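A.B. asks: Spelled out, the chains give:
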Amino acid sequence: MIPEIGHFSLIVALSFAFVLATLPLIGVYKNNPAFIRLAKPAAFGQFAFMAFSFACLIYAFTVNDFSVKYVAANSNTQLPMIFKVSATWGAHEGSLLLWALILALWTLAAGFFSQSLPENLRATLLSILGMVSIGFTFFILLTSNPFERLMEIPQEGRSLNPLLQDIGLAIHPPMLYVGYVGMAVAFAFAVAVLLRGEFKMAWADWARRFTVVAWAFLTLGIALGSWWAYYELGWGGWWFWDPVENASLLPWIIATALIHSLGVTAKRGIFQSWTILLAILAFALSLLGTFLVRSGVLTSVHAFTSDPSRGVFILVFLVIVVGVSLWIYSIKAHEITKQKRFTFISKESFLLLNNVILVAMMATVLLGTIYPLILDALGLAKLSVGAPYFNTVMLPLTIPLAIMMGLGFFSQWIEDKPKRLLEKLWLPLFASLLVAFLVPLLLLPEFSGLAVLGLFMSSWIAFTALFWLLKGNHAKLVKPSMQNLGSSLAHIGFAVTLTGITITSLYSIEKDVRLDLGERYQINEYEFEFKGVSQKEVDNYLASEGLIVVYQNGTELTRLYPEKRMYLSQTMPMTEAGIDAQLSRDLFVALGERLTDTAWAVRLQYKPFVRWIWLGSILMALGGLIAITQRRHAKVKVSQAPKAKSDNSNPAKTSGQGVAQA
Amino acid sequence: MKKQLIPLGIFAALVAFLAIGLTLDPQKLPSPLIGKPAAEFDLPELYTQEPFSPSQLQGKPWILNIWASWCVSCRQEHKLLVDFSKGNQTIIVGLNYKDTPDEAKAWLKELGNPYTITVEDPQGKAGIDWGVYGVPETFVIDARGIIRHKFTGPLTKKRLREELLPLLAEFEKEAIQDEN
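These protein sequence lines are chains Z and C, in that order.
Count along the first sequence from 1, add 136, and you get the number used in my numbering.
Count along the second sequence from 1, add 6, and you get the number used in my numbering.
The following block holds chain C by itself, in its conformation from the complex:
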């Protein structure tokens, strides 16, 4: 093959990808982690500094909410989470992402604490394992420890009602099936 044909070849490959890209929607951002086991982490609890890892929750469905006091849309979501936690027993783990303990505590004091457990991740190490794209993000994990759903961006009443609650109801059904 003539070497002068190489640029044309590279260009053809590029065009092929661009053409396929045109048919796809980049706004849809499903996490590749869905259907995979929840990534492990070992992080200190915000108040007690005791280590916590997701394996301690094995057997129970739980929600992982990733938040930070510097994040504007977390504030908007937070009120909703506080209301949700009052009426629902599901475990919510708050992962305080790239934040300082003082600011995190001040925030929870001011806005209320919806979390069963809050862990701190000041360097954002766990965030990488969980493929965090931007704060806030919320993962829903079932009793087997499998990630079932991910919310990118703040939770809204609509998403809560139409996506989160039906999923939690499904978990309950699965729990009954597992017992039988």
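Bound-form chain Z, shown alone:
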């Protein structure tokens, strides 16, 4: 009975989505306030029923209701409770329901935290979100119903893929989805603005806040996925340029560009058309990612069940949503665009250049991801594009990106002088060069040009962000605003991640060795002693647990317990790495094959600074969230951008923050 109620509740949510998608929009065009006012309650109803539907599915998992096909396929009685709950979104059907739920939540948030938008704009925006929701809910009901019953009820379920029985992966999809789906708000905003034919600067600030929250979650979601792959897949990599990973990176890159572009629009009232295009693009890429992952057009290490009929549905949905919005864009974009003067050396220029670089990065990743598909479609060849391509093309794009970031911080709006910039920037420049050359020379095992380059870029970003935070463009130290604090922290986070990537990529040591009982193997100052493998039985799997004692310069440092797990309901063994984590390095041990009675193949890895990759991501997300706590109606100081201010149609609303910031 409960699954049927869940199913029914989903249909009710769909009805609310229909109300939301039609009546408020009609109200806007017929000037009917009663219809316009329906938007908020409809958004609320949609969310309530969607949440109830999702709760029904969770309930079916917790009580082991194997009469539900989706539960039978993804859970069993031996699964620990926490993984029963997370199994709800562990496979296709449930994760789509979670997606729809999160969309409903974003819609609700957009409805209730939008006092700064005119009521008509808000109603249009919510209607558009309702349309997106209709598409998704139909997709679930028609191709992927999680509440479908089985005629013959099995005694036991098939269990969740063991790779997913992990706390990291239990929270990875919700995080990622909050990010992905959050792009829908900026998208709906963009289309609503296009329909209205007017883009006020204050609205850009509203859209920026929503985009930053979505971006922060997307950042965390991607980092969690990377971290999970690192400790769970057993070969110690943290990014594989796999199509599914790329699918999450694409909207992230564009969201990053969008945040900055929205910043310029909010501050200076320019770039409107570019901002709108990025907002459409960010959501289009979220949908494209869904298509690539769910349709099975690309091979990926993420073995999602794929189904061509689902692919067709998403493709049609993609065509309607993106096609129509780009068509509206082509007609209306010129109406909202404003031109204002700025010179080549100005904050606008640097932000615009970085936007262009980010779009180029996105295009590069997108091309690499779908290149196999394009060649295949043209009947030319079947091939895959791997890490060497991505690494080769991303590096030359990262260099100007990093340089512009520093320049962007210190440059002034409208017009700046190279001489003034140099006066402001010689100190961070000098400090960065010092770090870039001294660290490889003195602290790293060998001098490498790439290490100098990587460290220069990271320290340049970090130092400029820090100097700007402490002094801005003033002579003395200033008390930073929340906005500046957050922004600076996010950029320092990026620098931290970049440092981690640089050092891990260049200085990792990886050895596959055969170790007999009591045998030792040395990497740098660490000695790994193999103490054998014992068997153990846990809840729902059997494990061969190795013991490796690690000595640092002769004294015992730690004991690592890498495992090979055999889940009762599966035939594939799973690798569980033993990791000793420190800020400056990870020691990573994974069991390979058993070679003789006492000897095993063991993979030993020394990975310097690998933690920094994820640490930086946390700082980025944190920075984003801190930045948006800044209140909009703060006192306005007038000093540096008088032109910008006089151009504002409504300065009190738009220039909420101090002057020195982006």
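Hints in this document: simulated from the structure, not taken from any laboratory.
In this text the structure is predicted, and so the values were computed from the model without any measurement.
It is possible that part of the hints are untrue.
Each pair of labels, with its calculated beta carbon distance range [claimed, not checked]:
1) C/Gln55 - Z/Gln688: 35 to 43 Å
2) C/Ala175 - Z/Thr694: 55 to 63 Å
3) C/Lys92 - Z/Ala496: 53 to 61 Å
4) Z/Leu586 - C/Gln55: 28 to 36 Å
5) Z/Ser520 - C/Asp184: 30 to 38 Å
6) C/Glu46 - Z/Val460: 48 to 56 Å
7) C/Glu46 - Z/Thr534: 31 to 39 Å
8) Z/Glu471 - C/Asp135: 52 to 60 Å
9) Z/Met287 - C/Lys163: 35 to 43 Å
10) Z/Leu653 - C/Gln55: 32 to 40 Å
11) Z/Val674 - C/Glu176: 48 to 56 Å
12) C/Ile40 - Z/Val685: 46 to 54 Å
In silico contact screen, one side only, chain Z against chain C (beta carbon under 8 Å); selected entries [unchecked claim]:
13) Leu413
14) Val448
15) Val458
16) Gly459
17) Leu462
18) Trp463
19) His470
20) Leu503
21) Ile506
22) Leu509
23) Ile510
24) Asp512
25) Ala513
26) Glu729
Quick list of in silico lysine-lysine cross-link-like pairs, DSSO-like style, CA-CA up to 27 Å [unchecked claim]:
27) C/Lys85 - C/Lys66
28) C/Lys9 - C/Lys66
29) C/Lys131 - Z/Lys647
30) Z/Lys647 - C/Lys111
31) Z/Lys647 - C/Lys104
32) Z/Lys667 - C/Lys115
33) Z/Lys647 - C/Lys115
34) Z/Lys468 - C/Lys8
35) C/Lys131 - C/Lys104
36) Z/Lys667 - C/Lys111
37) C/Lys92 - C/Lys111
38) C/Lys156 - Z/Lys476
39) Z/Lys555 - Z/Lys612
40) C/Lys92 - C/Lys179
Even glycine gets a Cβ: it sits at the ideal position worked out from N, Cα and C.
Model the placement of chain C on the given structure of chain Z, informed by the hints.
C.D. replies: Chain C alone, transformed into the frame defined by chain Z:
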């Protein structure tokens, strides 16, 4: 044309490719090299360090097996290859891919050596020319030096029986025809 139409145009092209992509099966991975002459390489033999290149085999059909001691599924395939080599005279060249000579030798000592010749490719240079997608991979080359078949992933008894053996039989027929 209005410049605001450009995004729509790019999007339309993208959708066209995605739509065609939907009708194709990415799991099928035939090598574009099939029907092409075997790529040359010049690599040292594992034990003697003498240079070896495929042209030395001109006139004889042969099998190129790409393997590595670090590769888990190679182990599974290896037993099958050893059995096969005992009952079949076809030349098997083992290309030891991104491996160290010591580990390669230890592996062959432990599991048996099915290879007529083993060459080492520690940097994986030849692997690029041969379009290696993942280890193990096995190519079948005919007497004219043309690649006729490729196995991606480990050989199984079934693939051996249904694909490799019929192909080798075909080679024998071709050899007789060529002589006539």
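A.B. asks: For every hint, state whether the structure bears it out.
C.D. replies: Evaluated hints:
{"no.": "1", "hint": "C/Gln55 - Z/Gln688: 35 to 43 Å", "verdict": "holds (39 Å)"}
{"no.": "2", "hint": "C/Ala175 - Z/Thr694: 55 to 63 Å", "verdict": "holds (58 Å)"}
{"no.": "3", "hint": "C/Lys92 - Z/Ala496: 53 to 61 Å", "verdict": "holds (57 Å)"}
{"no.": "4", "hint": "Z/Leu586 - C/Gln55: 28 to 36 Å", "verdict": "holds (33 Å)"}
{"no.": "5", "hint": "Z/Ser520 - C/Asp184: 30 to 38 Å", "verdict": "holds (37 Å)"}
{"no.": "6", "hint": "C/Glu46 - Z/Val460: 48 to 56 Å", "verdict": "holds (54 Å)"}
{"no.": "7", "hint": "C/Glu46 - Z/Thr534: 31 to 39 Å", "verdict": "holds (37 Å)"}
{"no.": "8", "hint": "Z/Glu471 - C/Asp135: 52 to 60 Å", "verdict": "holds (56 Å)"}
{"no.": "9", "hint": "Z/Met287 - C/Lys163: 35 to 43 Å", "verdict": "holds (37 Å)"}
{"no.": "10", "hint": "Z/Leu653 - C/Gln55: 32 to 40 Å", "verdict": "holds (34 Å)"}
{"no.": "11", "hint": "Z/Val674 - C/Glu176: 48 to 56 Å", "verdict": "holds (52 Å)"}
{"no.": "12", "hint": "C/Ile40 - Z/Val685: 46 to 54 Å", "verdict": "holds (51 Å)"}
{"no.": "13", "hint": "Leu413", "verdict": "holds (6 Å)"}
{"no.": "14", "hint": "Val448", "verdict": "holds (6 Å)"}
{"no.": "15", "hint": "Val458", "verdict": "holds (6 Å)"}
{"no.": "16", "hint": "Gly459", "verdict": "holds (7 Å)"}
{"no.": "17", "hint": "Leu462", "verdict": "holds (4 Å)"}
{"no.": "18", "hint": "Trp463", "verdict": "holds (6 Å)"}
{"no.": "19", "hint": "His470", "verdict": "holds (7 Å)"}
{"no.": "20", "hint": "Leu503", "verdict": "violated (10 Å)"}
{"no.": "21", "hint": "Ile506", "verdict": "holds (7 Å)"}
{"no.": "22", "hint": "Leu509", "verdict": "holds (4 Å)"}
{"no.": "23", "hint": "Ile510", "verdict": "holds (5 Å)"}
{"no.": "24", "hint": "Asp512", "verdict": "holds (5 Å)"}
{"no.": "25", "hint": "Ala513", "verdict": "holds (4 Å)"}
{"no.": "26", "hint": "Glu729", "verdict": "holds (6 Å)"}
{"no.": "27", "hint": "C/Lys85 - C/Lys66", "verdict": "holds (24 Å)"}
{"no.": "28", "hint": "C/Lys9 - C/Lys66", "verdict": "violated (61 Å)"}
{"no.": "29", "hint": "C/Lys131 - Z/Lys647", "verdict": "holds (21 Å)"}
{"no.": "30", "hint": "Z/Lys647 - C/Lys111", "verdict": "holds (17 Å)"}
{"no.": "31", "hint": "Z/Lys647 - C/Lys104", "verdict": "holds (13 Å)"}
{"no.": "32", "hint": "Z/Lys667 - C/Lys115", "verdict": "holds (25 Å)"}
{"no.": "33", "hint": "Z/Lys647 - C/Lys115", "verdict": "holds (21 Å)"}
{"no.": "34", "hint": "Z/Lys468 - C/Lys8", "verdict": "holds (12 Å)"}
{"no.": "35", "hint": "C/Lys131 - C/Lys104", "verdict": "holds (9 Å)"}
{"no.": "36", "hint": "Z/Lys667 - C/Lys111", "verdict": "holds (26 Å)"}
{"no.": "37", "hint": "C/Lys92 - C/Lys111", "verdict": "holds (19 Å)"}
{"no.": "38", "hint": "C/Lys156 - Z/Lys476", "verdict": "violated (61 Å)"}
{"no.": "39", "hint": "Z/Lys555 - Z/Lys612", "verdict": "holds (20 Å)"}
{"no.": "40", "hint": "C/Lys92 - C/Lys179", "verdict": "holds (22 Å)"}
Consistency with the previously given hints fails for numbers 20, 28 and 38, ordered from lowest to highest.
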